Structures are given as C-alpha cells and as structure tokens.
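**Student:** The primary structure of each chain is shown beneath.
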Amino acid sequence: MNARPKRGVSIAPKKKPDERWMLKLYVAGQTPKAVAAFDNLKRLCEERLQGRYTIEVIDLLKNPRLAKDDQILAIPTVIRKVPPPLRRIIGDLSNADRVLIGLDLRPES
Amino acid sequence: MAKGIPNSKLLLENADLRGRLAEAEETLRAIRTGDADAILITGSEGEKVHLLGAVDRVYREFLETSRGGTVTVTTDGKILGCNAALATTLQQPLEKLLGSKLQDHVISEDVEAIDSLLKEEDTGASRQIVHLMALDGESIEEYLSSTRLESSDAEPVSCLQFTDMREVVSAEQTLRESEKHYKELLDLAPVGICVVADGKVVFVNPEGTRLLGADSEEQIINKPAEQLIHPGSLERAQSDMTGLLAGDAKIFRREDTVLKLDGTSIAAEILATPLQYMGRPAIQVIFTDITERKREEAALEFRNILLTTQQEVSLDAILVVDEGAHILSYNRKFVEMWDIPAEVIDGNVDEPVLSYVSAQVADTEEFLRRVKFLYEHPTETSHDELLLKDGRVIDRNSAPMIGPDGKFLGRVWYFRDITERKLAETEHELLMSAIEQAVETVIITDPEGNIEYVNPAFEKMTGYTQAETVGKNPRILKSGEQSREFYRELWETISSGRTWTGVLVNKDKAGKTYTVESTITPVRDGNGRIVNYVEVNHDVSAQLLMEARLRQAQKMETVGQLAGGVAHDFNNMLQVIITYTDMSLTLAEVGERLHKYLLEIRRAAQRSAEMTGQLLAFARKQTIAPKIVDLNDSVASAQKMIQRLIGEDVDLAWMPGRDLWKLKIDPTQLDQILANLAVNARDAIGGVGKLTIGTQKIALDEEYCSANPGAVPGEYLLLTVSDDGCGMDKKTQSRLFEPFFTTKEPGKGTGLGLATVYGIVKQNNGFISVYSEPGEGTTFKLYLPRAEKAIGEDAAELEPEYRKGGTETVLVVEDETAILELARESLVQLGYSVLTAGSPEEAIRRAEEHAGPIHLLIADVVMPQMNGRRLAERLIAVRPQLKCIFMSGYTADVMGHREILTEEMKFIAKPFSLTVLAEKVREVIDG
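Protein chains in written order, with this note's numbering: chain A, 87 to 195; chain B, 1353 to 2279.
Extracted from the complex, chain B is given alone in its bound form (with noise of 0.2 Å):
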C-alpha cells in the first residue's frame, strides 16, 4: 500500500465492507448454530420467509394440542420440546421442562429403559409402558410409543407420546363389560335370536335353542336355515332375506311357521334385520312362539263374535262407557232406540250422546243429575224408570265393570222400551180399579164355581169379606127361595158355554135376604176351554121397593082422583042442600019442630061435606089456604077436641119440643091429621091406654134420606103421634094409607081417616114414617118442613051466625045451574044486586050491558070455555074495580102445578054455607 494519507473514502468503505461482512458471517453463524429460527429468500416472487425446521413445526403444533404428553428428546434424553399435557402430567411448568433430562422424570427403574430407547439405531416405532414421576412424586403408568426422528439439525431426536394407561385399561374394560352385558342378554333373552349368515345360522341364543326344539345350539348351528321355515313360506322368507342383505330393507317383520327341529311347527313372530357379524354381511333374526297367543286370540275372536251377537240381538239397547266416559261399544237397538244420528255415536264420547239422549226425557234435570251421581259412585248399580217426551217408558239399568283387581273398568247401560208394559199395567189398574169401585158386586169363580176373588162392593152388600168367601161357593148366598131346578137350569147355561141372566134372591151374612140381577159369564182361554164364571149382580131390593112403593102410590093416586070425581060432584050437591037448608032456616022459626029438622038435615049435611072434604083432601084435590103458624100453639088448641075424639080411657101426653120453627100450613089440615090420628089410635088401643103427641125440630140429611125412600133432605118439624095399642103386623102396615082400607069391621069406620092424613102430608111436601109391631103399639112420625116466614096473622074468626049484607051488585058465573041458583038465591038473601050468567060467554056479554057498576065477580073456577081465572082477568080489563071470588071443589087443573092459592086470588070452597058466602063476600068487596 502506498504511504501516504489513507483514504476516508476507502477507510469508510472498508470499514462498511467489514460490518457487512461481520454481519453475513453473523447470519451464518446464527442460522449454523440454530440462533435462527427462518432465512429470507429473495424467490421470483418476492421476499420470502422460509421456515428452518418448518415440518418440525407443524408436528410440533400437532403434539401440542394432543391430549397424550408429547416431547422430542435428543439422544441423551435432553427435551427440546414437549406440549403442554406432558407438562400438566408431570405437574411442572413448560419452561422448566425445557432443557431438562427426560430421565429425570421417570421413576429410577425405567431411566435405563428410557436410556436404550434412545440411543437405539432402530428408527421405527416402538412401545413399551413406562412410569413417569410428577412433581408429587405420584408415579402415572403411561403407554409409550416412540419414533426417532432424523432432523435437519446434526442430531437425530426422537419423538416420545405418552397415553394414559388409565384410560387404556378403562377403554378396556368397558369394552370387556359391555361384551359381556350383551352376552348375557342374548342368554336370558325370552326370545329366540339368531344370526344366518351365508345362508347358514351362525348363531343362537339358548331361547332360540329351546324354542326350535334343540337340546343344545351345536344342534342348530350351521344348519341351513332353510330348514327352519315352513316350505309354504319359504319362498316369501328367502326373498325377504335377500332384500335385508341387498339393503332393499331395512326390516321385516311378519307372522310365520317356523319348523322345529322334529319337523313340527310353531307360529311365530319373526324380526329380521341386516347385520355385521364377524365382519361379514349377515342376518340378525329375532323370533317368539306365539302359538298360544294365536290360540288365544281365536277364543277373544270367538268371545268377541259370542259378545257382539248377544249384543246385537238382545231386545235391550245397550251402551258400554269406561271410566272416563268415553264410549266402548254400544248395539244397533241403543241407535234406534234413542234415534241418534251417525257423526253423533262416532264421536265415541259420551258427552254429546248424552246431550242428544237427555233431550228426548221429559224431566232431562232429573236424568242428568242420576247420570252425575253414577259418576261419581262408580260403584252403584241403578234401576229405575224414566218417561220420555215421546210418550215412551224406558226402564233404564245400569251396573259397574269391576276389574279382577277391583279396578273400576266403566258402566254397563241397559235400556229397555217397557211402554207397552206399562200401558198394559195402567190398564189393568184402571180395570182393577173398575171392578173394586164399581158399585155392582163382582164374583170370579174356578171353573166348578169356587170363588176366586169378590170386588168390595160384595163384601158390603153381602156382610162377607173377601177372605171369607175365596174358596167357597156362591151357594152360601142361597136364600132358599129359589128352587132347586132353578140353579141347576143356571147352572147348565153357564156351564155350557152360555151367558145367564136373571133375578137372585140371595141371604146376606146377617141372614136378611136382598134381591139382585144377576149376570152370569163364562171365561174361556185361547183354546176355548172355561177357564173362570164371572158374575155381576146389581141390586134390585131398593129398586123393588120402590117400584112396589111406585105402585102403591099410583094406585093411591087413581083412587084418588077416582074419589076426587065422586067427591066433586057430591061436594056440588051437598052445597045445594046445605044452602037451602040454611035458607029453609031463616024461614023458620026458632024451636019450631020444623026448624028442628031443618038443623038434623044440615047437620047431616055437614057431616057428609066434612067427609067429601076429607076424601078430596086424600086426593090432594082439596083446596087449601095454609097460613104460618106455630105447631105447638095448634096442637095445644086441638088437645080438648083430641081428648074429646079418644075419650076418657086414654090418656094425653103432650111433649112439646122447644124452639120449633114455623110451619106452614092449612089449620085445617093440622085439625085434620090430629083428628084422624086420635081416632086411630083410640081404635087401637080399644080400652086404656095412652096416647103420646109430641113435637120437635129436626134436620134431616143425605144419609138419612138414601137409608129412607120418600124422604128428602132438609129442616122439617117433626110431630110424633104415638099410641101403645095392639100395634100392626108388616101387611096391615103397608096397606095402611090405602083409602077403604080398614081392620075394622064393615060399618065402622070409612077407611079413609089415615088416606086423608097421607094426602095432607103430602100435599104439604113432607113425609110419615110408621113403626109399629103387633102388641107393641104404633107411632107415626110425620115431617113436615118449616116455614120460611114469620108467623102472619091469622084471620079472624068469624061468628057463625053472624052474616053481613049489602047492596053491591055481584056478577055471578057458574056453569051448574043448581050451585048457580043457590048462588044467586043466597045473594039476594044477603041483599046485594046479582047478575047471573051459566057461561063465561054469557059473562062477558051481562058485563057489557049492564050499565051500572059492577062489584064482584064470583066464579067457578073451573069451567068448560074458559077458566074463571081469565075470565076475571078480561072483565078486570073493562072493569078495574071488579073485585073477584073464585069458587071450586077442584084445584088442580088449574092452579098449575101446585094446588095452593096464591095470596092474591080470594077463594071460597065449595060447598060453603051461607055465613062463608056472606063473609067472604064482603070481606072482599071491602078489602
């Protein structure tokens, strides 16, 4: 180099090359000595790093996250590298790990192990069991598997994995225990299992030995399985076989015959699913005998078909609900008879079946709340009836299904359509209760005429109670009246098939006989033959009696008017005689023997009018003018004539009952009755005796009057007459209102006193009662009923002989000449003006003439044209101030219905004296 000043240029240069060149022999150096991890290439593409030991990474990378310890070791066992499970196992930090011997952390009877391990030749892998050591001095067996490594550094390493024999051995075991699990399931398995593979079972399990009839599985295995199957299936099993193995399916299953190992054949279940068995393709079968089920299900079929049957042809309608009131079967007749419409019964809930059925029930609340009930009493049976709106009648049942366990399992519903059953009952009740209220009397008899049942109204008529008479024969009613051949001939009609009919005198229990119609029926069944006599009988002793009293009235009644007619026209004359003979009297002197006579004749007269009056009294023909008045006042009055009509031998006894009420009554009437009874009863007692009169008030009532024909219900007074005389027997009693009737001798008496007493209660609307027994006296009950009005006054009575006149002009109307004449004769003698006329024509025409006024009128009522009654109403008509008398013997016709005078028509009876004319006469001109 020359001398001289170095060059700063090239000094800094230099100095520039050496630090570059310090630095790339750095970079060799560092990358030599493994200071470096990566170089950086300048490739074709640009800077690139280029990882020295790259692969080492990954690996490494790779182990870190391994779960077993992982480390890479230098031959001598230095670490260069470990993941972090090897540190966890150890219990040591990474860091310290590193650099640090691997023999250092085994137990000291491996270290020579670990030592070999590495410094074998050998790359290939390599295993054995070591004892790592952690930090606690814990020793962990570990499962080693080594690789040695050749590297890109100088030395070779090896690469060291550890697992856990721990978890080796677990894996182990539970493979070992789950091997043997399902082994011992195969064995206990209650089904056959076997495997077939290649056609042949490979293998089965001890059931499957059984069931195939083998003593041992070596008798089954490798048996083709072919063999197993019935040859009628075997087709169908082989091609199922072949789809299992193909994967075409996944499974089958159906019901075949599997062949035992005799030859003989079961029914089986059989499942059959593809399989790897030992490694090759195989089936797995799974099969169960199911003979016995097969058997059974025949006898269910069999009891179900039984049950349905049963079901479908009971005449009930039945319904099966279980326990939670859904429906489980119910027959064709529950549908029909409820009427219930499909999409309603397929619901197969019971709620709106119910609705639809409780519906059609008449009290649907009542039904309902049963239903509630059963519900919540599972345990009840019911029976009862229900009525629907229909009409219908259900008898409906109902009975739990207990389970063998006692388990409620549901209800059983029976229905049953029982409306004509009860029709047929209300029927009978109603017949039943014909028979025992009717009022007839009902006798059922056997066919020989024993006596099967009696209706109650026997039991009253006859005095027998039902009891008493079933079993006898009707012929303990024989009253003996009735003649032998008389029952027999009612016997042959009815046993011949004929009804009979006719009249009974039958003996009731007391004896008393009573009559009845008789209806005799005989009963025959289907085949005709008598089975039961059915006999009605209507009681006619009542309806006798009164027919016989209908007849004895009648009979009254035509003798009466027969006497009436008689009585009339006598009444007539007798009026002539008596008249005139009071007129003849008028001419003659006082105690002249003319006069005398005169007296006889009239009193005679009298006498004979008395006793016509009494016979139109009978005949209801008299006519009366009743007036209120007391009873007692007017027996107490009549007592000195009775005393004096029974004479001194008989005694009166007067009893007066208290508070009577008014009666209303002709007094003449009541003198009448009380006459005639005292004669009587004078007559009866013929000698000494006693005669009782008494009087009371009564009520009589319904009971009463039914008990006694001819009475009718009401107040009424009674008067009793009674005397203890020789009484009468039943015969004389019931002739004893005959008119002529008498016990008396001819010549004494008329026979007519009771006739007239009879017609005076009558006609006075009452009633007599008469008991009487011979030897025991009689008394007479007369009814009489009370008055409504207070007592009125009663007329004055008139002096006989006193007899007023006057000067009025009477118009006088009668069609019988002689009465007309006396009449007349009588009035003038009286001194009024008379006007004669024989006809009500004639009437009319004097009245118009005559040109004066005209003050009365005098009548007959009863007259051929017209009545005086219209008559008097015509000439009132021309004539205000007429006044009117009406006279007659007959009422009847004429005053309507009743034979009573109204108050308003003034009235004078024929025949009537002198002093009657007189009176009335003025009395009504006055008034």
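With the rest of the complex left out, here is chain A (with noise of 0.2 Å):
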C-alpha cells in the first residue's frame, strides 16, 4: 500500500535531479531475505541513482537500539533518509515497482 499523503496537501516537495541519497538498510544478520534486499537495493540505486547515493546497512542482531532512530518495527526495512520527507518499505524488495514507487524513484521523464 502507498504510503502517500492524501492529495491536497503537497508536503514533499519536487525531487531534485542532483540531490544525493541516503538510504538506511536495517536488517537482522544474514537473513536470505536481507541479502535479497540489499542486493535488490543496490541494483536498483545503479540504475536510477548512480553515484549519488548512499546505503547504509544497520544490523539490528547486532545493535537492536539503532532501530529507535527511524522507528523500526519490522525488519528488513529500508529508509530513505535523503532527501526527506522519509520514506520506508518493508521486505526483500523484491517488487521492483512497489520499490520505486515507495522510494519515489520515479523515473525522469
């Protein structure tokens, strides 16, 4: 499900083609499902956003306090930290679209 605003109210503003992401990657160990979504992540970062990204990968196993920064409930979940306004997908993203659309990586047009 889109996690949108409802129309009328324009919080986020407009992406801006230069601007450089950050994206967070919690997830719990080497999970099959964690692996998947990095490496889903990443393709995906290539080919939108070369160059003008980072993904940070936080394991919780490790740190389980880290999650209250970006109040994570379920893992692995991916946030876009930069630019705002956050945005956060659940799962091994192995939907491409759902990823995109979730992320805002719309493509130029």
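Certain hints may be false.
No more than 25 Å apart at the CA atoms, straight line, and that leaves these computed lysine to aspartate or glutamate pairs for DMTMM-like [claimed, not checked]:
| hint | chain 1 | residue 1 | chain 2 | residue 2 |
| --- | --- | --- | --- | --- |
| 1 | B | Lys-1448 | A | Glu-133 |
| 2 | B | Lys-1453 | A | Glu-142 |
| 3 | B | Lys-1400 | A | Asp-155 |
| 4 | A | Lys-154 | B | Asp-1368 |
| 5 | B | Lys-2258 | B | Glu-2168 |
| 6 | A | Lys-148 | B | Glu-1399 |
| 7 | A | Lys-110 | B | Asp-1368 |
| 8 | A | Lys-128 | B | Glu-1375 |
| 9 | A | Lys-154 | A | Asp-190 |
| 10 | B | Lys-1430 | A | Asp-125 |
| 11 | A | Lys-167 | B | Glu-1399 |
| 12 | A | Lys-154 | B | Glu-1365 |
| 13 | A | Lys-167 | B | Glu-1416 |
| 14 | A | Lys-148 | B | Asp-1516 |
| 15 | B | Lys-1400 | A | Asp-145 |
| 16 | A | Lys-110 | B | Asp-1516 |
| 17 | A | Lys-154 | B | Glu-1375 |
| 18 | B | Lys-1400 | A | Asp-156 |
| 19 | B | Lys-1361 | A | Asp-156 |
| 20 | A | Lys-110 | B | Glu-1377 |
| 21 | A | Lys-167 | B | Asp-1368 |
| 22 | B | Lys-1400 | A | Glu-142 |
| 23 | A | Lys-167 | B | Glu-1377 |
| 24 | B | Lys-1448 | A | Asp-125 |
| 25 | B | Lys-1430 | B | Glu-1375 |
| 26 | A | Lys-154 | B | Asp-1516 |
| 27 | B | Lys-1448 | A | Asp-156 |
| 28 | A | Lys-167 | B | Glu-1375 |
None of these hints come from the bench; they were simulated from the model. Just so it is clear, the structure is predicted and the values come from calculations on it, not from any experiment.
Take the two lone chains, each set in its own frame, and fit them into one complex as the hints suggest.
**Tutor:** Put into structure tokens, the structure is as follows:
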C-alpha cells in the first residue's frame, strides 16, 4: 500500500535531480531476505541514482537500539533518509515497482 | 464537521496519523506475508530483535553445513531452501533452485514417490531411495530421509535429507571386507586364538582347535576354560582372568601348561587380553605350542654348558669375536693370560682389549698388522707365535666361523703359552749343537749296543759317515790291538749299569789306528731300565805322540846337559893343551921333530875341541855369534868341503832357490850342519850315489803346523838335503837325532852328527823333518826362520898365522887356575901387561890397587860369586875406559833365556887358540 500523503497537501518538495540520496537498510543478521533486499536495493540505486547515493546497512541483531532512530518495527526495512520526506519499505524489495514507488524513485521524464 | 477553513494543524495531524497508520498496516502486512524476517520488541530490557522462524534458521544452518544435500520444500514440492551440497550434487546454482520444484530435479520414475511423500500427513520420518537428476543428466542414487515440519507459517513444510548411496554402499562394503579379512586372519593364524566369556570358550580358531587336539571347533566351544588349564596353574590363571576383566591389567603373558582334550598337556606360551565380544566382556587368549621350543631350549642350554665347560677347562685362552669385532665370548684363561682388568674386558668391544693385548707383544706393529690383515680377509686362518715383552712365547691360532649359508659370523682366537716348550726346544737345540760341534766323538747306542746316532766329530775321526754306522755295532772300529777279555770286561761294566772309562785303540775306515780316551755311560729311563749307552771319545793319538816327543826331547835334553857338563870341563882341559902347545910351538923350530910332534898334538887337540864343540852345540850350550848370511852363498862356498867329505863316488847336485830371504845364523853352525848331513848321506849311500842339496824360501801356514807338531807358522828358508842311500825304517827314524845313537858298527861314528844338526836347528828356532823309506833314500828338510835385517858385514877372516900383540894392561879374571895361568902366559907372550885374579873380589881389589890404567878386562862369564858381566859393570863404573872380553864354554845360564850373545858383548869361546885370543884382544882394545 502506498504510503502517500493525501491529495491536497503538498508536503514533499519536488525531487531535485542532483540531490544526494541517503538510504538506510535495517536487517537482522544475514538472512536470505536481508541479502536479497540489499542486492535489489543496490541494483535499483545503480540504475536510477548512479553516483549519488549511499546505502548504510544496520544490523539490528548486533545493535537493536538503533532501531529507535527510525522507529523500525519489522525487518528488513529500507529507509530513505535523504532527501526527505522519510520513506520506508519493509521486505526483501523483490517487487521492483513497489520499491520504486515506495522510495519515490520515479523515472525521469 | 463544521463548515469553515480546514485547520492546518489538524490536517497535518491527520496526515501524520494516516501515515503512521499506513506504516503500521504495512508492517503488519509485511509480517503477515512473510516479507519481514524479524520484528522489534520492546522488552523490559530494551529493544530486542525477534526473529521470525528462528528455529528454522538454526536448523537451516545446520543443514547448510551438512554433507548430504538438504532441502526444505512445501507440500507441492516447491523448494523454500536448500544447502550448497544439494546444489553441488544437482550441479545447479543455489539461487536457481530456490523456488523451483523438487520434482523437477528427480528422475521421472521417482516423481510420483516424491509427490506422495510430500502429501503424506504422516509426520514421522520416512526413508526411501530416490534418484536425483543432475544438470548433465547424471542420475545419482540417494538415500532420502524426510521429516515433515509443522512450521509457524501457514503451510507445513517437509525437510528432506539426501545421502549419497555410493558412500553408503562403499562403507558397507568396506565393513564387509574388513570382517572377511579378520576372519581369514583367524583361520590362517599359526597360533591358537580363542575367546573366553563367562568362563566358557565362545570362539576358537582352527589352529587353536588343532592344538587342543580336537577335530572340530564344536568340541571346544562352550567348554569351560578351566578344563583346558593344567590343575597346577589353575588358581593363578583364574586370578589373572579376573584381573583382566576387572581392568587391573591390560595383558598377561606367560608360559603355562595347557591341557588337550585327551588330557595330555602341552607347554604353551599364552597371551591374554580383555575384549568386548558380542557385547559381553570377554578374554582373548592367544596361545602357541612351545613344547618343541622348550626341547630345543634345553638342548641349547646343554650345548651351552658343554661349550662353556670346554672353553673354561681348555688349556688355551679363547676369544671369540663377531664380524663387527665385538667380543662374543672369552674364557678365564684369556683374561689371566693377558692379565686384562675387569673394566676393559667387560666393555665387550674388541678395540680396548686389542690395545691392551698388543701393548704386551714385543713387536706391537707386526701384531696389529696381522690382526688388521685377518679382519680384511675374514676367511683366512692363521697360526703364528708371538714373543711378548715379558719373555713369554704365545702360540696364536685363529679360524673364521662360517654360518651354514657361508656367511662370515666371526673369528675364534686361541692362545697357548708355549714358553716352556720353547725353552725346552732351545735347550734341546743347544744340546744338539754342543754334541754336533764338539770335538769329542759322541756315539749313542741302543741297549744291545747298536749305534743309533754318531756326531760329526765321529765322522771326521773315523771316516765313517753317520749313514754308514747307524744300526751297526761299534766293534767295526776294533783294531785288534786289544784283547777279547778287555772288551768283555768293558761290556760287563756298562751292562751292569756302571760307567766305563779307559783307552781304546780303534781302527778308522782307512785302516789307520788311532787311540782314544773313552767314557761309556749307560742311560736309564724312569723305571731304571737301560735304554741307551752314550760313548764319548777323546782322540789322544796326537796327545800320545806329543807325549812321546816330549819324552824324547826331555831325554835329549838330559843327555845334552850331561854331555854339556862333560864337554865344558873337557873344553877347559883342551884349552890348556891347545894353548900350551901353541906356546911350545913358538919355542920349537919349524922343521924340527919336536915341532912336528907338537903339531900333531895340536891337531889332535883341535879335533877334540871340535868334537866337544859339536857336543856343546847339540846341548845348545855352544855360544854362537849369528850373522846375517845369504844361505845360497854359504852353501855354495861350502860345496868344496862337502864334496871332499862325500868323496868322489857320490854326485853332488846343488839346486839353489831364488830370491831367498836372508838368514841369521852363525856360519860355523851352517858348516856343521852341512858337514854332518853330508857325512850321514855318504855313509847311507855307502858307495855310488847322489846327494842333492837344495834351498828355497817357504811360508808355513797354520794348517801345515797343525798337521806337523813342532812347526810354528812363519816364513822360513828351507834347506833340503837328499840322498839315494839305504834309507831308514820307522824305528830308526824315531831315534835319529838321539845323541850317541848310530847304526854304524861300534867305533865307527860318534853318533853325534845328527844330534848336532838337531841341536843347531833348534837353537836357531827352526825344525827338521825327515822323510825316509828303507831302500828309498832319505831326505832331510831343515826349516830355518828368515832374518829380518839386511846382510851385515862379515868379520874379516884373519890369517891364522897373524898375531898382533900389544902393550896395554889387561886384567884377567878366571876361577879355573889352569885357564888363568894359560891366559896370562898367552897374553904375556903377546906383549901385554897382565893382572890376574882368581875371583871377582880379587879382581875388584886388584883394580882398585892398580895405579895405572887398565885397558881390558878378560873375565869368565860363569864364576861362583858374581858373573863376569856384573863384574864388568862394577869395574867399568870405576874405570869407564875399561873394555871387556868375556870367555866361557857355558852361556845358557848367564845369558838369560837366549843363548846368543848380544852384539855389544865381546866374547871369546873356550877353548880358544892363541891366534883367536890375540885377534880378539886387539880388536876389542882398538875398537
């Protein structure tokens, strides 16, 4: 389900094409999902954001408290920190369309 | 809702809430759909990660590392997860497998099996065999084990585990083969193996069956073990077994007695160990029959004792070394012989013992060289003698030890102290040498008197060789000159065990007799029986001859002395007669009858004087004045005289030798010799014949002189006088030179001629040989030693009529009054002033009293109180100018050992003629 704000409230600024994206991937150890999530994410970023992204992987098995920063409930979860607004997706990101929409990685047009 | 402007704050809140709600819904959805691995839970201790399907993960990891392929599938067969091993087996990458259907990866025949397996509700484990299909089409037989899992997800899943059958099969096969191998071992083992559990034999191998005397193993199985053990060792065996089972000991090994089925026993070596047999604690017993071994051991032990005893009892020192020069054995004698200290011999290595021994050998280098040689030539034997520094002699013998396969095992050394033997040998050699080299003859006979041994001296003496005499009886030497009784007595003496000494006259091989002093001794053995006779003879023939000669010489000496004594006195008288006759002649007119008569008297007296001269010469009493002469000249000049003596019927041949050495002799003596020999020859020829005189120089060596007693080695002039007259027999020859011995009729010949010759030759240190055979003539060989000096000047012959006188003063000393008077008268006639003294004391007195000079002293050499020489010395001491003449008929006593005057002393012989007196006096005073 898209977590989109209701129409009429324009909260999110328009994406700037040269803006650096910062993404955080929260995992719990090296589970297949975590691995898959990372792989998929990486691939998408390479396709869409080449050269202007960073992916930070946080293993909550090691440090559960870090979950609080972004209020993580389920893992694996990827968070788009920059550019705001915050976007989140749970899962292994295998559904590419969902990921694109979720992270607001619309193709340039 | 009230109409109006929407509250932006509210709107924002709303949006926010919706957002969060959406997120929560999303989260829930993710959890529900399985998109999430884990959720975070805030617990009492803080945030905690809760893994969904955590058990699943652990299990997955386990499976991941599992060797066999593992896979988790849905009931349809969809692969939810699998491990790398399966991926490898299927030859496909893992990602590809995820989500595929398991049925796609098995052979078509097994698909149905998989389907039914997965659909089964039975959650228990099931096992079956399926064939996986690899990518390349290879079919792999797998043993499949599957378990159904009811998981927290909606669907149940199944966990399948594959094991490659090939491994299973090979493991089984290996096990089966191992079992078979083990069984074979037991069957073929040459030792008996049995297993005892609960006190009974539960297993026995074929050899064990055989050893126990059974026909088959059934006879043994289930037998109580104690029935197989000898009653005597039963208790111990039982406690051992208990100990093994209890774990007190791990192994027992001993020799014991095992009972066979038939009750007989065998000696066995037993090895027992604990063991789990079919799940029960048991004991494995390995046993072998050592009966034979025991017998062999006993035999070996016996042999060992035998050998050791032999070694120790042996007289030899024995050392045995192996091929590596390590000492294998030695006996006590070896240690004793070489005096080896304990620490050296106990080392059991050859090297230090070798150095210790070699140090005691005189020639250490040679010893070590030989040892080294033998080590390099292991198959050589050796036998030699060692001389030790302490003087012992050791006989050394060694031989290699060769094993049955020809392999060299070592070497045995034997040493024997043969010092005693060597000494005995040396002694024996010494004795033999003594006998062999002795001058005395040695004959050894057996108890019957047959010759067993003769020494070289015997061979030399008799002319018989050893070979010719061995086995014969010494009677072959009998000369026949000794009586039968003599020999019988000899034999009785020695056969009764006594030693006989005496003189034997034997005959040699050539038939010549010889005389020996003999000692014959019987030799007895330990029992007192006579086993040999030893005869030692000493040739006395030469000795006897010498004795005879000595007697002869002594006889001659005595006669000579006698004759000399007579001659001396007679000489004095003749002196008187001659002198007075001379003086009378001066008073008589020549041509007067008185003169003629006086001449006759004088001639007769002269001849008498000559005779006494000869006699004295024989007695070696005549004083002589030797000169250096040339023998050839002397003989040549005497030729006339000789010819006159022998007469016209006898031819005179003169054969002078060449390059003769000079001779020192009184020429008168030479004349006397020639004259006497000539006369002798003439008489022997007795008519027509030939007389040969020859001279030569000759050197006589040792050998000639040893064969001819009386000869002394040196250089001689040989004067040979040979006639072809009637010759002489041996008897005559032996008395030839005896004074007064003559073969002529009484009245003819004085018997002094040859005696004179003999005397002269002896006086001149020469010797005579005579060779004569009856009818063959006679040869005299006179050996006269050569002179050292060159020929001297002969004194000038004085004309007999010339008498020169003088006026000097002469002192005459003579104890014989007649001679004294004679001398005084003679001198006065010659014109001298004469002082006389009848004794040395008177002479000294006279000399002191006389005021004027005394020019000459004429003194008798032999006078009672003092001899003339001493007197002369006394007077010369007072009157240095005094000259002396000595006169005497005797010279022997005065002149010391030699009978010849020294050149310095002037001498006149009695009797002397006036002429001689005049001449001498003048000569001395003037000289």
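**Student:** Now tell me if each hint is right for this structure.
**Tutor:** Hints and how they fare:
1. B:Lys-1448 x A:Glu-133: holds (24 Å)
2. B:Lys-1453 x A:Glu-142: violated (35 Å)
3. B:Lys-1400 x A:Asp-155: holds (14 Å)
4. A:Lys-154 x B:Asp-1368: Measuring from Cα to Cα gives roughly 18 Å; hence the hint holds.
5. B:Lys-2258 x B:Glu-2168: Roughly 20 Å separates the two Cα atoms, so the pair holds.
6. A:Lys-148 x B:Glu-1399: Answer holds: A:Lys-148 to B:Glu-1399 is near 11 Å, not above 25 Å.
7. A:Lys-110 x B:Asp-1368: Given pair A:Lys-110, B:Asp-1368 holds - Cα atoms ~21 Å apart, limit 25 Å.
8. A:Lys-128 x B:Glu-1375: holds (23 Å)
9. A:Lys-154 x A:Asp-190: With a Cα-Cα distance of about 23 Å, the restraint between A:Lys-154 and A:Asp-190 holds, given a limit of 25 Å.
10. B:Lys-1430 x A:Asp-125: holds (23 Å)
11. A:Lys-167 x B:Glu-1399: Holds: A:Lys-167 and B:Glu-1399 sit about 22 Å apart, inside 25 Å.
12. A:Lys-154 x B:Glu-1365: holds (21 Å)
13. A:Lys-167 x B:Glu-1416: violated (36 Å)
14. A:Lys-148 x B:Asp-1516: violated (38 Å)
15. B:Lys-1400 x A:Asp-145: holds (12 Å)
16. A:Lys-110 x B:Asp-1516: violated (44 Å)
17. A:Lys-154 x B:Glu-1375: holds (15 Å)
18. B:Lys-1400 x A:Asp-156: holds (15 Å)
19. B:Lys-1361 x A:Asp-156: Since the Cα atoms of B:Lys-1361 and A:Asp-156 sit roughly 23 Å apart, the hinted pair holds (cutoff 25 Å).
20. A:Lys-110 x B:Glu-1377: holds (21 Å)
21. A:Lys-167 x B:Asp-1368: holds (17 Å)
22. B:Lys-1400 x A:Glu-142: holds (21 Å)
23. A:Lys-167 x B:Glu-1377: Since the Cα atoms of A:Lys-167 and B:Glu-1377 sit roughly 21 Å apart, the hinted pair holds (cutoff 25 Å).
24. B:Lys-1448 x A:Asp-125: holds (16 Å)
25. B:Lys-1430 x B:Glu-1375: violated (31 Å)
26. A:Lys-154 x B:Asp-1516: Violated. A:Lys-154 to B:Asp-1516 sits at ~49 Å, over the 25 Å cutoff.
27. B:Lys-1448 x A:Asp-156: The hint is violated at about 35 Å.
28. A:Lys-167 x B:Glu-1375: holds (16 Å)
In summary, the numbered hints that this structure violates are 2, 13, 14, 16, 25, 26, 27.
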